[in-house]
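Asker: Sequence:
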Amino acid sequence: MKKSPLKLKGEALLIGIILLTVILILAAALFSRVAGFLRFGSNTILREQALYLAEAGLEKAIWQLNETAGSYGGETGTYLPGKPDNLGQFSVTVESINSALKTITSTGCIPNCSSPRAKVTVKTDAKIASTTIAFSYAAQTGDGGITMYQNSEIDGTAYSNGNISRGFGSGQVIEGDAWAVGTISNPPDVSGQRHPNASAAPMPDITQQVSDWKTAATNGGTTNCLKSCTLSSSQNIGPRKYSGHLILTGNATFTVKGPIYVTGNLMVNLGSTKVNLDNSFGSNGTGFVVDGTISIQNGATINPTSADPKGYIMLVSNSGSNSAVSIDNSGAFAILYALNGGAETRNNTTVNALISKSLTMYNYSVLDYETGLASAQFTTCPTCPGASWQPKKGTYYYSE
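Numbering (this note's numbering) for the sequence shown: 487 to 886.
Keep in mind that the hints are not guaranteed to be accurate.
[What the hints assert, rightly or not] Below, simulated EDC-like cross-link-like pairs (lysine to aspartate or glutamate); rule was C-alpha separation at most 16 Å, straight line:
hint, residue 1, residue 2
1, K878, E534
2, K609, D571
3, K605, E534
4, K609, E545
5, K878, E545
6, K605, E541
7, K546, D629
8, K760, D814
9, K605, E886
10, K878, E856
11, K878, E561
12, K879, D611
13, K609, D663
14, K609, D814
15, K546, D814
16, K713, D814
17, K700, D777
Hints were generated in silico from the structure; no laboratory data involved.
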């Protein structure tokens, strides 16, 4: 039996409607996917733009810290100069951990931070640029060698480009390895390995750091001493140049804020006199540069920061005297450097590290090496003109 033309047309119409419905459903699904993809692409672009703004805020913060000697505190709702405001804005906060370390947080927003379509925050620490100087040995000398008298002790490795010799008495000890280009006597008793006839070891190079310290100290102002300048009351010192001899005494406490340059001799004496590196240095150190001799006597102490690792004072003598550095009955918890001359320690003296042309250790003096000195950090000072701020590696953080 044949179907009527009307029934055939009805079936064709129904099939057409079904096909059209399927096509519309597929088209709608495809359009939804395309729209979602376009939306995703648009959001990705906006997030990238917000990230660029946030990082621009970080860069500006570093620049401002260097321009203002670290006094920059941040800003809010800053637009890019010379650009339309609808391109976005950034806000920056700066949190001071100490004078040498700050945390910078920068947020970038598109088109603004009050009603953002995209918002990205980045964070990093900024620190004062520093120089790493490796002091790998408790004692390191030139060809003048090391001479150890009764009950003197080196707690760490000793390296001599000359000999390591016994003076009068007994009880000399090296608690580590002993290296010498020449000979090593017995005593001292060496807990580690003996290495006579070794190759000469280069001294730590501090030439550029000393130059930077002298410049920063001079820029801090000059005190002209008729013969000598005597400071006997507790006070902050540095950065400063002293033209003449400098005496720190009076059982006072001197807090070192920057490098000191002395054109004459430096003397630190009396039992309660303390020279403390300001804790604002954190794990960075600074220096005293002395054209003459350095003498620390009668119970006076030189002290590092309380950071972990510590920041140390380095005392540098340019004298060629056999006693360019002399420490007697005192604690120099510091680094002493006298490459042109000799160093002497005596009578219950403690020093963290000593580098000199020659070293003579008298009765009961101790070199007590700190492991952190193998990668000691030095700078001028956190607030010195020219102190350079830079991002601290490994502290960058990103969030949306």
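Asker: Take a quick look at whether K878 and E545 sit within 16 Å of each other, Cα to Cα.
Answerer: Holds, because 13 Å separates the two Cα atoms, which is no more than 16 Å.
Asker: Does E534 sit within 16 Å of K878, going by the straight-line distance between their CA atoms?
Answerer: Outside the cut-off at roughly 23 Å; violated.
Asker: When you check the alpha-carbon spacing of K605 and E534, does it fall within 16 Å?
Answerer: The hint holds at about 10 Å.
Asker: Does D814 sit within 16 Å of K546, going by the straight-line distance between their CA atoms?
Answerer: violated (50 Å)
Asker: Taking only the CA atoms, is the gap from K609 to D571 under or equal to 16 Å?
Answerer: Given that 16 Å is the threshold and the Cα spacing comes to 24 Å, the pair is violated.
Asker: Quickly compare the C-alpha distance for K546 and D629 to 16 Å and report which way the hint goes.
Answerer: Roughly 51 Å separates the two Cα atoms, so the pair is violated.
Asker: Given the hint that K760 pairs with D814, does the C-alpha gap stay at or below 16 Å?
Answerer: Between K760 and D814 the Cα gap is close to 15 Å, so the pair holds against 16 Å.
Asker: Taking only the CA atoms, is the gap from K713 to D814 under or equal to 16 Å?
Answerer: Not OK: K713 and D814 at ~24 Å, beyond 16 Å, violated.
Asker: Does the alpha-carbon distance linking K878 and E856 stay inside the 16 Å limit?
Answerer: Violated: K878 and E856 sit about 24 Å apart, past 16 Å.
Asker: Checking one constraint from the list: CA of K605 to CA of E886, max 16 Å. Satisfied?
Answerer: Status holds; Cα separation ~6 Å.
Asker: Is the straight-line distance between the alpha-carbon of K879 and that of D611 16 Å or less?
Answerer: holds (8 Å)
Asker: Tell me if the straight-line CA distance from K700 to D777 falls inside 16 Å.
Answerer: holds (11 Å)
Comparing the model with each earlier hint shows violations of hints 1, 2, 7, 10, 11, 13, 14, 15, 16; every other hint is respected.
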